[in-house]
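Trainee: Residue numbers (our numbering), protein chains in the order written: chain A, 103 to 453; chain B, 103 to 453; chain C, 103 to 453; chain D, 103 to 453.
The hints are simulated quantities; they were obtained by calculation from the structure and are not laboratory data.
The reader is advised that the hints may include incorrect statements.
No copy is singled out in the list; a pair is fine if it fits within one copy or between any two copies.
[Claimed, not checked] Below, a list of computed lysine to any residue pairs in the SDA-like style, where the Cα atoms sit at most 20 Å apart:
1) LYS271 x PRO330
2) LYS271 x SER351
3) LYS383 x MET159
4) LYS383 x ASP162
5) LYS367 x THR170
6) LYS271 x MET416
7) LYS353 x ASN418
8) LYS242 x PRO330
9) LYS307 x PRO173
10) LYS353 x ARG141
11) LYS367 x GLU158
12) LYS453 x ALA327
13) LYS323 x GLU105
14) LYS271 x LEU352
15) LYS449 x ARG393
16) LYS271 x ALA417
17) LYS353 x ARG126
18) LYS355 x PRO330
19) LYS449 x ARG415
20) LYS175 x PRO356
21) LYS271 x ASN418
22) LYS145 x ASP391
23) LYS271 x ILE422
Number of protein chains: 4
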Amino acid sequence: MAEYRVGVLGATGAVGQKFIHLLRNHPWFKVTALGASERSAGKTYRDAANWVESSEMPSDIADMVVTTCEPGKMDVDFVFSGMDAAIAGDIEMAFAKAGIPVITNARVYRQHENVPLMVPEVNPDHAELIHSQDFDPNGKGFIVTNPNCVCIPLTTALKPIYDAFGVEKIILTSMQAVSGAGYPGVPSLDILCNIVPYIGGEEEKIALEPLKLLGTLENGKVKFADLPIHATATRVPVINGHLLSVTASLKKKPASIDEVIDVVKNWKSPIDDLNLPSAPKPPVRLYEDPRFPQPRHQSEYENGMQVGMGRLRMANVMDISFNALGHNTVRGAAGCSILNAEYLHAKGYFK
Amino acid sequence: MAEYRVGVLGATGAVGQKFIHLLRNHPWFKVTALGASERSAGKTYRDAANWVESSEMPSDIADMVVTTCEPGKMDVDFVFSGMDAAIAGDIEMAFAKAGIPVITNARVYRQHENVPLMVPEVNPDHAELIHSQDFDPNGKGFIVTNPNCVCIPLTTALKPIYDAFGVEKIILTSMQAVSGAGYPGVPSLDILCNIVPYIGGEEEKIALEPLKLLGTLENGKVKFADLPIHATATRVPVINGHLLSVTASLKKKPASIDEVIDVVKNWKSPIDDLNLPSAPKPPVRLYEDPRFPQPRHQSEYENGMQVGMGRLRMANVMDISFNALGHNTVRGAAGCSILNAEYLHAKGYFK
Amino acid sequence: MAEYRVGVLGATGAVGQKFIHLLRNHPWFKVTALGASERSAGKTYRDAANWVESSEMPSDIADMVVTTCEPGKMDVDFVFSGMDAAIAGDIEMAFAKAGIPVITNARVYRQHENVPLMVPEVNPDHAELIHSQDFDPNGKGFIVTNPNCVCIPLTTALKPIYDAFGVEKIILTSMQAVSGAGYPGVPSLDILCNIVPYIGGEEEKIALEPLKLLGTLENGKVKFADLPIHATATRVPVINGHLLSVTASLKKKPASIDEVIDVVKNWKSPIDDLNLPSAPKPPVRLYEDPRFPQPRHQSEYENGMQVGMGRLRMANVMDISFNALGHNTVRGAAGCSILNAEYLHAKGYFK
Amino acid sequence: MAEYRVGVLGATGAVGQKFIHLLRNHPWFKVTALGASERSAGKTYRDAANWVESSEMPSDIADMVVTTCEPGKMDVDFVFSGMDAAIAGDIEMAFAKAGIPVITNARVYRQHENVPLMVPEVNPDHAELIHSQDFDPNGKGFIVTNPNCVCIPLTTALKPIYDAFGVEKIILTSMQAVSGAGYPGVPSLDILCNIVPYIGGEEEKIALEPLKLLGTLENGKVKFADLPIHATATRVPVINGHLLSVTASLKKKPASIDEVIDVVKNWKSPIDDLNLPSAPKPPVRLYEDPRFPQPRHQSEYENGMQVGMGRLRMANVMDISFNALGHNTVRGAAGCSILNAEYLHAKGYFK
């Protein structure tokens, strides 16, 4: 039984399509409004969207008429936003001010001091920042963001270790799938049988967002973690799934890798008991076979929501090393937004 | 004018084919004998080899009759070896004992204390180890090895920095092309649109071989460098070209990255003045555009012999970070053996 | 409620794994026995199989102990066979003789005059051939085969047109996915950014099997269709989904392409009313957008069981032309076997 | 010794870059002027072009200043044109009128009755159409075009058979490389591990251009060949090299395939004796091993100018069948233009 009528902002884009795909059978959230640009408004979704998902476009959505992204045009309980950062700022704020909560994958408000940058398994308590938002005088509208597609698997895989040992610093190389660049995104001539060793703006986000995610709430503000991260972000000819090669220095030194493995395997995520519909079980899966996890296979596990972790081992430089894998458009984008919304519902943030 | 008659051991394999391809117009070395397994012996090369090079099989080679890998069967001045490590040991030693120098890409003798593990731009002085070899009572035969396909671009790119600043430790993630696994090698079902995050045995070589390469000759022995290296080796859907993401701590701290850039740009390799036919100019090329070097393009520069270096920058963890790229079957294998042989000729090691 | 205990012959191979994957939640068929080679027998399936499916290995299957492929070792109602043709013949016959029906994807008995070569949507009546089999004196065991992975989408897409207009001759070029070659199958060095324009043995099957499939039952024998087919089979860097470019001459000439489109769109397959669990709806889906169907997307529709058809148009040479697409390891292999078994159950062939 | 100063129109585009690459060491033609859009004019080529070739940008070209595409701005003997069809028409005509011959890969004038559509090995006599052009009152300027990238390997491979047996009709499926769509061209999300079964506008060109190419000159006009061609054009994840699967009906029936093989092998192209610098030897190479030719390998032979032909065999529908392969941006585009210019020089068309 759908309890919420939800809108999707940026519904025709790649992230918007992923929201529609993931919500097609959702037990609580029913897509009832689709927002896009002037160019698409007035058309059916079938005609407006260049559908790039491998699944079929849901037939009920196909027949819906797209509107512009205006609060007055969308009669919904809250919205998911998959808009480009270039235009998301004003529109998302307009919805929040109009009393419509915005659960967004766009990066505009990620560093706003009153806005949670949130992954439910990592820092669900940051949801409390919502109380400090005064965007909507009636107290109903608010904005919640999720981080960049690399930061989500990174912080999720890191969280049990961070809590148990403390992490001093990190060196990371990412191998990122082309779907992370949207559509049309990366030209095939650039990436077929090739690697592009640079993704503009990515490394800055990887160095910054985990500090807020792993930060602590103090007096209604996030105190950022003190955690230098050096990242090298590369683009590889993979469709879905960002793979990270991570090396870390720990504050408390483990006696052996088994101690770290135990911590990861026995970790209980802070939302475990909520049994949220999109929550993967377990949120992080540790592989012992060094050949796994692989983007094309394991990023699809648990409907694309599970973070894979592999090759966890001691390192002769710094302390430990591991790989982390997350489906970049599900776990690392729209799926995380949906899990955020599920958490917010469970905790009563939607009024 | 070809001065040397050379044999290729393992001539029908992938590395052997690369030797034949690279030597097809060599000014000093002429392939006059082809050694392979019993199964191939007696056949023409055309019939014996499943040619996987993109260039055509040279017609003079195609008509040559393959022999077994025995010194008595191959009337040559020296041999290149592209044999599998599993069988290379005895055969290579037999040639050396018979007075036929062996310039090999196989790994068997890389850690032998009397055998040079050599990249001409990095440690040409190690050739002197040859004098300590007593394999051949007549003093003509000897063995010279080159390192693993990752260690060659790594040490070549690192050498100017190593000499100018000293390197304390290294963290590295490699993205390695499928040609590095030979033929048939990596199954397409494993690697199409995928990454395999592990290559058996590779990380151990990456941690060890640079220590000998960057070591110093003391009393006729190599004193290994003190340089902890932590490596994560992955396989990516690229045909040729291993890309390395490297972060390093330096002994002497540069004031800014410009100081490091100057060192790399102004580096004069120890073999610069020899003008060897296969020596790339410059041996390391530094790219300022962060999108380069890329495996599919820049690994082909200077006939596949030039090491590409990019994204040289300060790092907030450790000191500096950069990418290095080398064509794994040319610069990282057969091409390095050929350059070794050219150096040995120039220095009078062939008698 | 599972009504049948089924065994999988060749359970550790690529086709066997697909059977296990597709049957994991089957309403009628429960896998209770796994047969493989001597080498695997005695091990748990987890240890015996190199799992190459993207989904997880079902946990109940993982703990099962593999046996050799002998009727006495497998206590089942019938078996699916995914064995290599090289060994399938004797083993499949042993099962049939022992009274255990064999539903096989192997090619050994496809042309046996008493064995149905069957696609349920195309020639379900051929199941009657079972009555002519005397392999099992007790009349319980029998063998049913499905055709090659190209012939299934070809004949399924063709069937409505064949019935309405008659088909005189066909020219076809196939672009076949690497999963069709099994594991390890096609070396990545052969197929990355490349096409191999030949698949040994494939074109002969494409020219022959449709003649039996489209043949008519006369006096308990199949009278083969008179339909010359000229095929060019190529291998392309696609993971799943064989795409066929087909041109055909028709006996009865359509006035326009709309007449053909109507026939395809309004086609009612002979098993439509049976509502078999694995039957796609519709069995053939016709795309109007010329960019579809595409292997990576539309071959996954309807759980990989639906045949896609596109670009249906008049041709200035011969009469009409179209593309057909089928998921080669689901619709074109294990999935077709399962649908065959469902049909045989529905029609009472299992005793 | 360069005899001609040549300009490149559309110099910054993908085809323009290929002209520059192919002409870097040309014995007769020296690039002395680079024409591009207003946006690029005034910049050095290094700054204006997003170089996508795998070779390095020639250093002398890198320092040249780009101009707009105007005859008065480019002091050259003739120009090559790699412009988009959308803008090529007026500009090419302006050059011709100003007395500067235009050798173009753009499609605008391919069907103009006074303009040769020319492949030197196929219809060099069509150059005579130049005499019927009255674009330039002084008789120096003219326009010569080459066909589409599929039509070049198709007609070249077909020519010996066409002359010896006559060809009645053709059915063809093309598997076309992504470089044929220019840059940025095909999005990676569309083509990684996928096939797009449609290329807009392509099949019409394939059906039309060969008729002019294989036509005969009668009274100063081309009488088009009577040759129905039905084509299905697909895009595949290959970088360079269009592979064609061709089936043909012949007027004169060969007794066996050997008769056809002999014709192809013994074919002497009409420009054989001219020894043009870019002419491949032989122009068509017939492979007996059915695995060849393959795009990634054999399309590079003879500097990308040789047409590969394979799997030549009798067909049970129509008469014969074969594959043809051509490097689409070399043989199928810029390289054909250059060979056209070499032929025109040899025959004295440049004044």
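Trainee: State for each hint whether it applies.
Mentor: Here is how each hint holds up against the structure:
1. LYS271 x PRO330: both (5 Å within a copy, 18 Å between copies)
2. LYS271 x SER351: Classified as both: same-chain Cα gap 5 Å, cross-chain 14 Å, threshold 20 Å.
3. LYS383 x MET159: Intra 27 Å, inter 16 Å, cutoff 20 Å: inter-copy only.
4. LYS383 x ASP162: Answer is between: at 18 Å across copies they meet the 20 Å cutoff, but 30 Å inside does not.
5. LYS367 x THR170: neither (46 Å within a copy, 36 Å between copies)
6. LYS271 x MET416: Intra 15 Å, inter 15 Å, cutoff 20 Å: intra and inter.
7. LYS353 x ASN418: Both, since 16 Å and 18 Å are each at most 20 Å.
8. LYS242 x PRO330: Classified as neither; 37 Å inside a copy, 56 Å across copies.
9. LYS307 x PRO173: This pair counts as neither: shortest intra-copy Cα distance 30 Å, inter-copy 50 Å.
10. LYS353 x ARG141: neither (54 Å within a copy, 48 Å between copies)
11. LYS367 x GLU158: Classified as between: cross-chain Cα gap 18 Å, same-chain 36 Å, threshold 20 Å.
12. LYS453 x ALA327: Intra 32 Å, inter 65 Å, cutoff 20 Å: neither.
13. LYS323 x GLU105: neither (32 Å within a copy, 60 Å between copies)
14. LYS271 x LEU352: Answer is both; intra-copy 7 Å and inter-copy 17 Å each pass.
15. LYS449 x ARG393: Neither: 39 Å inside a copy, 45 Å across copies.
16. LYS271 x ALA417: both (14 Å within a copy, 12 Å between copies)
17. LYS353 x ARG126: neither (44 Å within a copy, 45 Å between copies)
18. LYS355 x PRO330: both (18 Å within a copy, 18 Å between copies)
19. LYS449 x ARG415: neither (37 Å within a copy, 45 Å between copies)
20. LYS175 x PRO356: neither (56 Å within a copy, 49 Å between copies)
21. LYS271 x ASN418: both (15 Å within a copy, 9 Å between copies)
22. LYS145 x ASP391: between (50 Å within a copy, 18 Å between copies)
23. LYS271 x ILE422: both (11 Å within a copy, 15 Å between copies)
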